[in-house]
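Colleague: Below, each chain spelled out in residue letters.
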Amino acid sequence: MMEKVGLWFEERMGWKPIWKALALRNIPKVNWAYTLGSATLLVMINQILTGILLTIYYVPSPQDAYSSVAFITNEITAGWLIRGLHHWGASAMVVLAGLHMIRVVVHGAYKFPREVTWFTGLGLLAVTLAFGFTGYLLPWDQKAYWATTVGTRMLEVTPVIGEWLLRFARGGEELSAVTLTRFYGMHIWVLPAILLVLVGIHMFLVVRIGISAPPKASTREEEPEEDAEVKA
Amino acid sequence: MAIMSRRKFLSRATTSIVGGIAALMGIPTIAYLVSPAKARGGLGVDAIPLGPTSKVPIGEPTLFKATIERKTGWVTQAEELAFYVNTEDGRNFTAMSNVCTHLGCRVRWVGDQEQFFCPCHNAAFARNGTVASGPPPRALDQYELSVEDGQLFVVGKIEA
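Going down the list, the protein sequences come from chains D and Z. Numbering-wise (our numbering), the first sequence opens with residue 48 and increments by one. Numbering-wise (our numbering), the second sequence opens with residue 8 and increments by one.
Extracted from the complex, chain D is given alone in its bound form:
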């Protein structure tokens, strides 16, 4: 039955080669450290889904933010779970992205021809941190308020444009309703848009170029082995 349905679609859409290229591609013999990127991707999907769900009840205004978050946590069925997944997922995503980067650095996987993958990866780490920073303010509790006060204050020490940067980040001199809405807009529209573009390029390159094999400890005699991999 399922096979028939699959064939019906395959005849009209022809997506099998695309599926094969994406999911059934050949990869070198690797180890568990190579799952860190996929793990980050999975947590990202979790963040997107739970984030969308949170916007169903969350209101980004000083009057409502804290109480709407409390409402989600205490009164909506499974609200604690959805919020908890988003909260802990945020930390997990930063940690996993960091570990993924360390693996790439240690294995030298950023080298030719994978520099663009590496650059988009750096961008993704920056975006992930920006997500964390803007999301931290949204519950609008004391911890959020003061963390953002301190965090935005750091911008001020930037030479020449520091003061302007501070006012830009806060949308004024002090933390206010304007800060909350601009952090919210960043968090749910601007950053996700950048994230999806970067992830798209990153993933395309992973499929297109393929991933690098773990480097082998080579003796002096068989040194120029890396080139073989490039040609392949």
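I should point out that these hints are in silico values taken from the structure, not numbers from a laboratory. Check each hint, because a few of them may be wrong.
[What the hints assert, rightly or not] Anything over 12 angstroms on all C-beta distances counts as not near chain D; from chain Z, calculated:
| hint | residue |
| --- | --- |
| 1 | Thr36 |
| 2 | Tyr39 |
| 3 | Val52 |
| 4 | Asp53 |
| 5 | Glu76 |
| 6 | Trp81 |
| 7 | Leu88 |
| 8 | Phe100 |
| 9 | Pro126 |
| 10 | Pro142 |
| 11 | Asp156 |
[As the list claims (entries may be wrong)] Not everything, but these chain D residues come out facing chain Z in the computed CB check (under 7 angstroms):
| hint | residue |
| --- | --- |
| 12 | Asn121 |
| 13 | Ile123 |
| 14 | Leu128 |
Model, not experiment: these values are computed from the prediction. We put the beta carbon where it would ideally sit given N, CA and C, even for glycine.
Position chain Z against the provided structure of chain D, taking the given hints into account.
Modeller: Below, chain Z alone, put in the same frame as chain D:
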């Protein structure tokens, strides 16, 4: 029993795990979205004070207004409610909502026609709240009253 190939086993295992995660996430998601729809009416308070029984002339439905604090989501708002109170003998009182059961407009007692009239779609209700003419699907909602020291209180809704 035929031995499954390694590839097929891993493929099935992956599909099952992904399906499991999707179900694990899907069920709370539905519960989360449906959650606020479960809360149903009720008065929200124990008793709504209306006013003295002496204000109700015999045979003339009289409108009483009351303001209650109602919490919806995380916002508590003052909500104005109105009830028509009627008595035929000065001792037994009945109360009904002034909200038309058609689409929620407010009905008004028109004394010389002896009917409640809804301006939105020309509906009319009889003195006891039953539909006299027009589109409403059912009679006006009836409320339970209690009288203490000559004061009227709405204490609950009478389910039809």
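Colleague: Next, verify each hint and record whether it holds.
Modeller: Tested hints:
The claim that threonine 36(Z) is not at the interface with chain D is violated, since a C-beta of that chain comes within 12 angstroms of its own (minimum 6 angstroms). Under the 12 angstroms C-beta cut-off, the non-interface status given to tyrosine 39(Z) relative to chain D is violated; the minimum distance is some 5 angstroms. Taking the minimum C-beta to C-beta distance to chain D, about 19 angstroms, the non-interface status of valine 52(Z) holds against the 12 angstroms cut. The non-interface label for aspartate 53(Z) is consistent with chain D: the shortest C-beta to C-beta separation is roughly 21 angstroms, beyond 12 angstroms.
Residue placement check: glutamate 76(Z) keeps its beta carbon more than 12 angstroms from all beta carbons of chain D (closest about 15 angstroms). The non-interface label for tryptophan 81(Z) is inconsistent with chain D: the shortest C-beta to C-beta separation is roughly 4 angstroms, within 12 angstroms. Leucine 88(Z), annotated as away from the interface, keeps every beta carbon of chain D farther than 12 angstroms; the closest lies near 24 angstroms. No beta-carbon of chain D comes within 12 angstroms of the beta-carbon of phenylalanine 100(Z); the shortest separation is about 37 angstroms.
Chain D leaves proline 126(Z) outside its interface by the beta-carbon criterion, the shortest separation being 35 angstroms against a cut-off of 12 angstroms. For proline 142(Z), the non-interface assignment is confirmed: its Cβ lies about 34 angstroms from the closest Cβ of chain D, beyond the 12 angstroms cut-off. With a cut of 12 angstroms on Cβ distances, aspartate 156(Z) stays outside the contact zone with chain D, its closest approach being about 38 angstroms. For asparagine 121(D), the interface hint is violated, the least distance from its beta-carbon to any beta-carbon of chain Z being 10 angstroms, above 7 angstroms.
Taken as an interface hint, isoleucine 123(D) checks out: its beta carbon lies about 5 angstroms from the nearest beta carbon of chain Z, inside 7 angstroms. Checking leucine 128(D) against chain Z by beta carbon gives a least distance of about 5 angstroms; that is within 7 angstroms, so the hint holds.
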